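Enquirer: Okay, here's what each chain looks like letter by letter:
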Amino acid sequence: MNSRILIVGQPTEIRETLRNALQAPEWELREEPDAQAALDLVHEYSPQVILAAVDMLDVTSFLEQLRSTREAPVVVLITPPGSRERAIQELRAGAHDYILMPLAPEELRYRVSCAVERKRTLDAILLQLTQAEKMASLGRLVAGVAHELNTPIAAIYSNSDVLSRSVRRLMGLVSDLPPSAEKREIQAVLEVLSNTSEVDCIACERVIDVVRNLKTFARLDEAERKAVDIHEGLDSTLRLVECQFKSNVHVSKDYGELPPIECYPNQLNEVFMNLLVNASEAIEGQGIIKIRTRREGDSVVITIADTGKGILAADLAKIFDPGFTTKGPGVGTGLGLSIVYKIIQAHGGTIEADSTMGKGTTFTITLPLAASQRATSVPVPEPQPHGG
Amino acid sequence: MPETGTVERSTLGSQEYRGLVVVDDEEIVLTSLRSLIAIATDCRIDCYTEPKQALESIRRNGADLVIADYSMPEMDGMEFLSCVRDFDPEITRVLLTGYADKDSAIKAINQVALFHYVEKPWDNDQLLLIIRNGLERRLLLKQVREKISRLDDAHAEVKEMQMKLLKAFL
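So the sequences go chain by chain: A and B.
Numbering (the working numbering) for the first sequence: 7 to 394.
Numbering (the working numbering) for the second sequence: 158 to 327.
Bear in mind the hints are in silico, worked out from the structure with no lab data behind them.
These numbers come from a predicted model, not from an experiment.
Be careful, since some hints might not be right.
Which chain A residues face chain B? A few, computed with CB under 7 angstroms, are given here [stated by the list, open to error]: (1) T157; (2) A160; (3) S164; (4) V168.
Here a beta-carbon is modelled for each residue, glycine too, at the ideal position from N, C-alpha and C.
Chain A with its partners taken away, still in its complex shape (with noise of 0.2 angstroms):
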């Protein structure tokens, strides 16, 4: 992906140096000589980085009104030979970094590599964080909306069935009669009614389940946290799921040496069910699903690879939002990858998916293996943690 980099300032001669010091294929270039224009260009443009060679009165407004935009772009001054105090004092201010002229090109494509890189990783925290603050507010709602399904549901359920009962009744009753024509149409109305009971439940069972999802979701229940073998659970999980997978999925292990992790082993196996299935679905020929597991220094890597059809590079940025699904209507809720997602944060831990169309898909997992302190509990405030 190429970085957009707007350079600023009056003096044509900077802008010409900087324009042949940053000639790469990687760097996309602007030019805007008047700081005001700039600062219109960069909702239009978009830049990750601004090399901002404006006289030094008007950086730190200038910073300030870029600091307000919502692409807030990484800042490196252009500075003239002796302002170095000035420069120091505009870094305070929200620069990232200042270039002392005369102008280094070896120097300057570093410097301005390392701003590059740095307006990446700023981007990829403040996505985390939207991701969790959605997660959180949305966890919320789901409760509730959970907790007024509960009830009524519970109610339609039992209904359900009481009404089958009755029906069985009557049917036992009405066969004890001697054969005539309302005996039939008691027995056919009877029919109508067994069947539409039968219907009845198993949509419940629908919904109920749908309902236990989001109650999962909410709240993530809180069985024990210990110190277990994540091979065991992983095993345990494939065995569970194995039996769903069509003949043409086989399944490779690359397991490595572990030792045992302190988490939700109930929520981790979640985790990997979760992914596991949509291996599964993923591989339409025939296909492998590869799971490899390493310790990499304080953290565990979980890494879960499937030969299957991949996904679509827009849709990859949205998988672990809730309610995203490409399964079309009445397949999946779309709530099983925003699970996984909640999981991982609960543990402390990463998880991201690379996908290449027509390839596959590997998601990884990355585990704290101190997380012992951390996240209890999943920081959803509850509205009632009961329901009536």
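For this one, chain A is given, so just place chain B on it according to the hints.
Expert: This is chain B only, laid out in the frame that chain A set:
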């Protein structure tokens, strides 16, 4: 032919048998349970939306098994069941709740010596089984108490005889 989970009154075999009391602030839950009990069992069932009224009724008429919803506005299920326990510990206590989390389940079982913890939405077959077992527990407790009291009586009788014998010989 009895259906699965049927609670036959005859299996309880006691003339003093009183029945179920259910408390939930939601009328729809009470209606559902009333219908279930009517179609699948021979039990008598009294339903209340107000825990206080339910307590009054239990104090007046007694009960064999009590089912209470956890979250109710005036008095929660735990408080209600602990009142029931104070009145008569032999009454079987069942808690109905919208969220099953282990902590509150453990708390409920320990605090009010709960017989069972049922999550909403419940499965009727399972609930009927719990009711049957709960009533059986109640009956067994009652029988044990009766046996003990009969033993006590017999013991007292033996003692009296012994006294009489001693007196006769002295």
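Enquirer: What are the numbers of the hints the structure violates, in ascending order?
Expert: No numbers; nothing is violated.
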